[in-house]
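We have chain H already, so just place chain E on it with the hints.
Here are the chains, one letter per residue:
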Amino acid sequence: MIFKRGAVATLTPTTGDSLSFLLQVVWFLFLLSFFFIYPYFGQRTQLAFVLRYIEKRLAILKQIKDEVREQAINSIKMYVDGNKDSPAIEKELDGLLEFFYISPESMDPNGIVYKLEHILEIGDARFEESVARLASKADIHRVKSLSNLVEVARALNLIYRIVRHYYLQGKRTSNYFLALQIQIQLPMIMELAESYRQASYAFIKGLPIGDGIGVLSAAKFVRESKKISETEIAKDTWLDVVEFEGRKVYVVRPIGPGGTVGRPGEAVKKLVYDMDTKPDLIITIDAALKLEGEETGKIAEGVGVAIGGPGIDKFKIETLAKEKNVPLYAIVIYQSILEAITPMRESIVKSADTVVNRLKELIRDKVPTNGTAIIAGIGNTIGVGL
Amino acid sequence: MGQGGALTKARAIPFNVLTQLKCLNCGSIHTRPHKEGDYIFSNIEEKCPNCGGIAHMITAIYIEEQKKQGPR
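So the sequence lines, in the order shown, correspond to chains H and E.
Take 1 as the starting number for the first sequence in my numbering and just add one per residue.
Take 1 as the starting number for the second sequence in my numbering and just add one per residue.
Same shape as in the complex, but just chain H (with noise of 0.2 Å):
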């Protein structure tokens, strides 16, 4: 403000003046912050939202690790022998839900197959041993069941590990794209808790499960054809061999209805090199994820081999279809990630006899006369018997 001889006149200043002034002093201080104040605070303030709402995930992830963990405890419980008291087997179970595994070196990836399939199976069956310990009045389909039901509480609990290590480390460095990285992703892993939590009740109950629609596909097959023998014919893995219009027909599906996935890839090795079997044909049948917006229980045909998982049975089976010069097809059943692991819905359920209906026109199709075909039922087998 600039002042003149003889404005005194203007030290008490109209409405207009003070209005205008206002507005001046306003915005000088919008100007100040915007460019001081906004790009020291700004992102710290933003950092502390954004903190904030993590946090606030936080303990909601914690609240469904403790309560999947106590169900899993208190499963255990009904099948613990009288002498083992509660410390002894909540400790025991917390040891299992740290159990982890480590991937073979992969430098030299020659073999890493068969090496990660040595470390898995040494895996699982101390993870099952330990259950079947703890749970020593189940039975076996029982003690799979309850296995299942402990990886779920492990999966949770290394969620909420994950989860809290991001942001515990963004607040400790106030990096504000630390937090965010984790944040950006917490709808994911929230619905993917979640799923889980609900899938801890499919196991508790031993109900089929989504992902198990593959299996069932295989059985009901199974059912319809003329049964010839049936067997173990590798680890939780069953065999049917069944004719169907003039073919021979070998099904392979993991043993119910306890929860487990069994061998595929095992046991169709053994049926072509040990069983000396030609197949004209080999088809998987396995639940796939379906993407937003789809329905639920549509089904796709396709070619290669559908089994999820790490890679090893479909690895092997892959090598041996290359080797005996085998076509692979593979039946998709849709489903998102909730509806796989949780109990199965109807229209899963539906799905079912489409996908009979799909195998027998592809049988009939593929497989000449008097031919021979290898059906997989891909999937965990909870609450599906034989």
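If you are wondering where the hints come from, they were derived from the structure by calculation, not from laboratory data.
Heads up, the beta-carbon is just placed ideally off N, CA and C, and yes, glycines get one too.
One thing to keep in mind: the hints can contain errors.
[Unchecked claim] Below, in silico cross-link-like pairs of lysine-lysine (DSS-like), each with a Cα-Cα straight-line distance of 27 Å or less:
no., chain 1, residue 1, chain 2, residue 2
1, H, Lys220, E, Lys22
2, H, Lys220, H, Lys270
3, H, Lys205, H, Lys248
4, E, Lys22, H, Lys115
5, H, Lys227, E, Lys22
6, H, Lys278, H, Lys235
7, H, Lys220, E, Lys47
8, H, Lys360, H, Lys226
9, H, Lys278, H, Lys248
10, H, Lys314, H, Lys360
11, H, Lys350, H, Lys366
12, H, Lys270, H, Lys248
13, H, Lys298, H, Lys314
14, H, Lys91, H, Lys137
15, H, Lys360, E, Lys22
16, H, Lys248, H, Lys220
17, E, Lys35, H, Lys205
18, E, Lys47, H, Lys350
19, H, Lys226, E, Lys22
20, E, Lys35, H, Lys350
21, E, Lys35, H, Lys220
22, E, Lys35, E, Lys22
23, H, Lys322, H, Lys366
24, E, Lys22, H, Lys205
25, H, Lys350, H, Lys205
26, H, Lys269, H, Lys314
27, E, Lys35, H, Lys137
28, H, Lys77, E, Lys35
29, E, Lys22, H, Lys298
30, H, Lys360, H, Lys227
31, E, Lys47, H, Lys205
[Stated by the list, open to error] Below, a sample of chain E positions facing chain H; criterion: calculated Cβ distance under 7 Å:
no., residue
32, Ser42
33, Pro49
34, Ile63
This is chain E only, laid out in the frame that chain H set:
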């Protein structure tokens, strides 16, 4: 910035599980609430509402779905 801030208390799992049974005598299919020990392809003894037969086989176990919108 997302959902409400209140901590979630342990919520009951909202499933209504049904067991589908097939009468091995008359072939009729009916459903009932799931019972402990039910599993698919197990043989159980329950009275058939159609023919009065005892022998049943469990053909499906699933949860009731609420009506959803079609694919977008």
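Verification of the supplied hints:
no. : hint                  : result
1   : Lys220(H) / Lys22(E)  : holds (14 Å)
2   : Lys220(H) / Lys270(H) : holds (23 Å)
3   : Lys205(H) / Lys248(H) : violated (37 Å)
4   : Lys22(E) / Lys115(H)  : violated (46 Å)
5   : Lys227(H) / Lys22(E)  : holds (20 Å)
6   : Lys278(H) / Lys235(H) : holds (22 Å)
7   : Lys220(H) / Lys47(E)  : holds (24 Å)
8   : Lys360(H) / Lys226(H) : holds (13 Å)
9   : Lys278(H) / Lys248(H) : holds (11 Å)
10  : Lys314(H) / Lys360(H) : holds (23 Å)
11  : Lys350(H) / Lys366(H) : holds (25 Å)
12  : Lys270(H) / Lys248(H) : holds (17 Å)
13  : Lys298(H) / Lys314(H) : holds (23 Å)
14  : Lys91(H) / Lys137(H)  : holds (19 Å)
15  : Lys360(H) / Lys22(E)  : holds (23 Å)
16  : Lys248(H) / Lys220(H) : holds (16 Å)
17  : Lys35(E) / Lys205(H)  : holds (9 Å)
18  : Lys47(E) / Lys350(H)  : holds (25 Å)
19  : Lys226(H) / Lys22(E)  : holds (20 Å)
20  : Lys35(E) / Lys350(H)  : holds (21 Å)
21  : Lys35(E) / Lys220(H)  : holds (22 Å)
22  : Lys35(E) / Lys22(E)   : holds (16 Å)
23  : Lys322(H) / Lys366(H) : holds (17 Å)
24  : Lys22(E) / Lys205(H)  : holds (22 Å)
25  : Lys350(H) / Lys205(H) : holds (22 Å)
26  : Lys269(H) / Lys314(H) : holds (11 Å)
27  : Lys35(E) / Lys137(H)  : holds (21 Å)
28  : Lys77(H) / Lys35(E)   : holds (21 Å)
29  : Lys22(E) / Lys298(H)  : holds (25 Å)
30  : Lys360(H) / Lys227(H) : holds (15 Å)
31  : Lys47(E) / Lys205(H)  : holds (24 Å)
32  : Ser42                 : holds (5 Å)
33  : Pro49                 : violated (21 Å)
34  : Ile63                 : holds (5 Å)
Consistency with the previously given hints fails for numbers 3, 4, 33, ordered from lowest to highest.
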